[in-house]
Amino acid sequence: MSVEYKISFPHMGNYYIPIATFVKNTLNAKICLPPKITKKTLELGTKHSPDFVCVPFKYNLGNYIEALENGANVLIQAGGGCRFGYYSEVQEEILRNLGYNFKFFNITSRTFKPLLYYKMFKEINPMLTIKNFLYSFYLIYKQIAVLDKFEDYIRENIGFQINDGDFKRLEKKFHDELITIEKIKDLKSISIKYTKLLKEVPINKPNDCLRVGIVGEIYVLMEPFSSCFLEEELAKKGIEVKRYINISYLLFSKEHKKTNTLKLAKPYLQYNIGADGVDSVAHSKVLAKKGFDGIIHIKPFGCTPEINCMPILEKISEDYKIPILYFSFDSQTSETGVKTRLEAFHDMLLMRKEKNKKWKELT
Amino acid sequence: MERAYLGIDVGSISTKGVVINDSNNILAEKYLWTEGNPIQAVKNLLNELKTQLNDNIKVKAVGTTGSARKLVGTILNAQAIKNEITAHAIGTTSLYPYVKTILEIGGQDSKIIIMDDGIVVDYAMNTLCAAGTGSFLSSQAKRLGIEVDEFGTYALKSSSPTKIAARCTVFAESDLVHKAQIGHKKEDIVAGLCKAVVNNYLNNVGKGKKIRVPIVFQGGVSKNIGVTKAFEESIGEKVIVDEHGHLMGCLGIAILARDSKCEQDFDFNIKDMKFETKGYECEKCSNNCEIIKVYRNEELIDYWGNKCDNGAQ
Chain S
0 MSVEYKISFP
10 HMGNYYIPIA
20 TFVKNTLNAK
30 ICLPPKITKK
40 TLELGTKHSP
50 DFVCVPFKYN
60 LGNYIEALEN
70 GANVLIQAGG
80 GCRFGYYSEV
90 QEEILRNLGY
100 NFKFFNITSR
110 TFKPLLYYKM
120 FKEINPMLTI
130 KNFLYSFYLI
140 YKQIAVLDKF
150 EDYIRENIGF
160 QINDGDFKRL
170 EKKFHDELIT
180 IEKIKDLKSI
190 SIKYTKLLKE
200 VPINKPNDCL
210 RVGIVGEIYV
220 LMEPFSSCFL
230 EEELAKKGIE
240 VKRYINISYL
250 LFSKEHKKTN
260 TLKLAKPYLQ
270 YNIGADGVDS
280 VAHSKVLAKK
290 GFDGIIHIKP
300 FGCTPEINCM
310 PILEKISEDY
320 KIPILYFSFD
330 SQTSETGVKT
340 RLEAFHDMLL
350 MRKEKNKKWK
360 ELT
Chain D
0 MERAYLGIDV
10 GSISTKGVVI
20 NDSNNILAEK
30 YLWTEGNPIQ
40 AVKNLLNELK
50 TQLNDNIKVK
60 AVGTTGSARK
70 LVGTILNAQA
80 IKNEITAHAI
90 GTTSLYPYVK
100 TILEIGGQDS
110 KIIIMDDGIV
120 VDYAMNTLCA
130 AGTGSFLSSQ
140 AKRLGIEVDE
150 FGTYALKSSS
160 PTKIAARCTV
170 FAESDLVHKA
180 QIGHKKEDIV
190 AGLCKAVVNN
200 YLNNVGKGKK
210 IRVPIVFQGG
220 VSKNIGVTKA
230 FEESIGEKVI
240 VDEHGHLMGC
250 LGIAILARDS
260 KCEQDFDFNI
270 KDMKFETKGY
280 ECEKCSNNCE
290 IIKVYRNEEL
300 IDYWGNKCDN
310 GAQ
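Sequence lines, in order, name chains S and D. Residues 0 to 362 (numbering that gives the first Met the number 0) make up the first sequence, in order. Residues 0 to 312 (numbering that gives the first Met the number 0) make up the second sequence, in order.
Just chain S, with the same shape it has in the complex (with noise of 0.2 Å):
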């Protein structure tokens, strides 16, 4: 007798979308999404991990612990060239001491090669065949695309919105559609219609707007809860927030190669320093370049690469005269604390602008 399979995997923003469409399509299995991320995740993360471990494993701990509480019994986990490699075999491990019964899949996003997952698929879903898999493939490639494209929209405009909570509503029946996708003329319809329906959202934004940029750790990137939503904060004042980092950079864009990265944070840098250290030095120049007035650079409390490349930002804001505010999260992160440092951020990046038009009117 087959058990019935039920696939979970840690939440990171909204990309539990097209994972789980993904998943739906290829493996004729259930999912069970664990609930979204609150301070209890966190709480239970945080209890069953090495006190010194790098909160994103926190998270995603919290969220396999919650996912087989509801009947999960397949887990996947990626990796990555940090302490992010070590997390599937410790977060296994910690698991199975708890007493849970489990399957484990890792992916490593690193040495990313759909065959090897194809064979992984086949031994959840003897039916799948290669086309299938592949047009699947095919299709959370483009839907990461239209998400990625969607939220950067949001980001620049959702600080500018004319009526309180248009973006969130029209973000929640666009994330119902998009999961219910099964081929590419579905997803094509849909993001044409959201297109459409993002640019018909009243916005009042000024051209001089404060723009600020978010550099740092994928994981507190992307993963709102973990930065004590710092880039709805950003938006509650009223400024425009860039980021490069979402999973289409990581997975597919060709600026994401070592190669261009190191280019591009010449001549602050010359070798790798580690995971996507030299992305937050390359865009952190980038960044500066463009005129951005300020830049926020975050990451999980010990993360080695970021904390690499911070004296390097340091010289970027000397060079450049750009402001750059540090933040470290951890469990034990006071919300209170980031907001202080983000208003003092927010009246500095105004007090400078102010000054700056005035100079110029001078000149």
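One or more of the hints may lead you astray.
[Claimed, not checked] One side only, chain S facing chain D, incomplete, derived with CB under 7 Å:
id, residue
1, K38
2, K39
3, E313
4, P322
5, R340
6, E342
7, A343
8, M350
9, K354
[Stated by the list, open to error] When the alpha-carbon atoms are kept at most 27 Å apart in a straight line, the in silico DSSO-like pairs for lysine-lysine are as follows:
id, chain 1, residue 1, chain 2, residue 2
10, S, K354, D, K208
11, D, K277, S, K338
12, D, K185, D, K156
13, S, K38, D, K69
14, S, K359, S, K204
15, D, K283, S, K39
16, S, K338, D, K283
17, D, K208, S, K338
18, D, K184, D, K156
19, S, K35, S, K102
20, D, K206, S, K352
21, D, K162, D, K209
22, S, K38, D, K292
23, D, K209, S, K288
[What the hints assert, rightly or not] The following label-pair restraints were derived from C-beta to C-beta distances:
id, chain 1, residue 1, chain 2, residue 2, range
24, D, W303, S, D185, 39 to 45 Å
25, S, D175, D, G304, 26 to 32 Å
26, S, D185, D, G35, 54 to 60 Å
27, S, L361, D, G304, 41 to 47 Å
It should be emphasised that the hints constitute simulated quantities derived from the structure, not laboratory data. All residues carry an ideal CB built from backbone N, CA and C; glycine is no exception.
Put chain D on the given structure of chain S with help from the hints.
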């Protein structure tokens, strides 16, 4: 009638207030302990300030800053509620227009503000750890049996400060006990602590920041002459400590309240009203947000802390 503006800075350890007029002159000032009860502290503060003012003076706008700025601002119906970094910068430049670096060590936070032409161009604030702030010093003073106000003069007596490992408050304390047990003199230990506070500050908060003159040192710890001396030795430049250094935050917020141009007559009798806060966990979803409700004479005036609409009242 003279127009005046009230600025209140409610910090973790102390509550400060000033009343200023249109030309930034201080008409009344008071510094007292918060003692974990910001509402009572502000009531006492208002009482003290009122006795210093003559009837001719009318307070037209109120500003609040410090960690209890929101609570106190709500209660007083403040025109300006701002973070302490901005408030300190504004307050300091009103007295020292050419200041380039502001070093600030308060009860639980420490910050560095870099100024250029009277505006903030960069700042940093301690994030993960409070080692080397005022509460650390005051608890160590207690341990050594010295009054915190005498701490600085005690440090000056020393000619060879003891090395104290002050990266972490708890370990600093064990190191301090250890050094005392093996026979280091008390004044050397005190001087060593002052040095350790300064090194910790420069290595953490001040890391990577260009410290340029004029340098102003303020916040509660600036009253400790031992720490000021240690700063001067370490930076190699003169460090200015203003006699009103502890009032810069409330001075700044009073100026911001005045510049807000929103005016409303302020009634000092607010100190006799009954204010109450109730804190509870929402429990409507697993975020369990801690929501705070503020009541004036039993009537709900504001609430905060909810992450989603479930917690809205």
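- Quickly compare the C-alpha distance for K35(S) and K102(S) to 27 Å and report which way the hint goes. 22 Å, holds
- Query: Does the structure keep K338(S) and K283(D) at a Cα separation of 27 Å or less?
  - Reply: 24 Å, holds
- Answer holds if the nearest beta-carbon of chain D is closer than 7 Å to that of R340(S); otherwise answer violated. 6 Å, holds
- Residue hint P322(S), partner chain D, criterion CB-CB below 7 Å: 5 Å, holds
- Would you mind confirming whether the straight-line C-alpha gap from K206(D) to K352(S) stays at or under 27 Å? 25 Å, holds
- Message: Would the hint linking K359(S) and K204(S) be met if the CA-CA limit is 27 Å?
- Response: 22 Å, holds
- Given the hint that K283(D) pairs with K39(S), does the C-alpha gap stay at or below 27 Å? 13 Å, holds
- Query: Is the hinted pair K208(D) and K338(S) satisfied, with a Cα-Cα distance of at most 27 Å?
  - Reply: 22 Å, holds
- For the pair D175(S) and G304(D), does the Cβ-Cβ distance stay inside 26 to 32 Å? 29 Å, holds
- Does the structure keep K354(S) and K208(D) at a Cα separation of 27 Å or less? 21 Å, holds
- Restraint check for K277(D) with K338(S), where alpha carbons must lie at most 27 Å apart: 22 Å, holds
- Item | Restraint satisfaction for E313(S) [CB to CB of chain D, less than 7 Å] | Given a least distance of 4 Å, the restraint on E313(S) holds.
Hint check: no violations occur; every hint is consistent with the structure.
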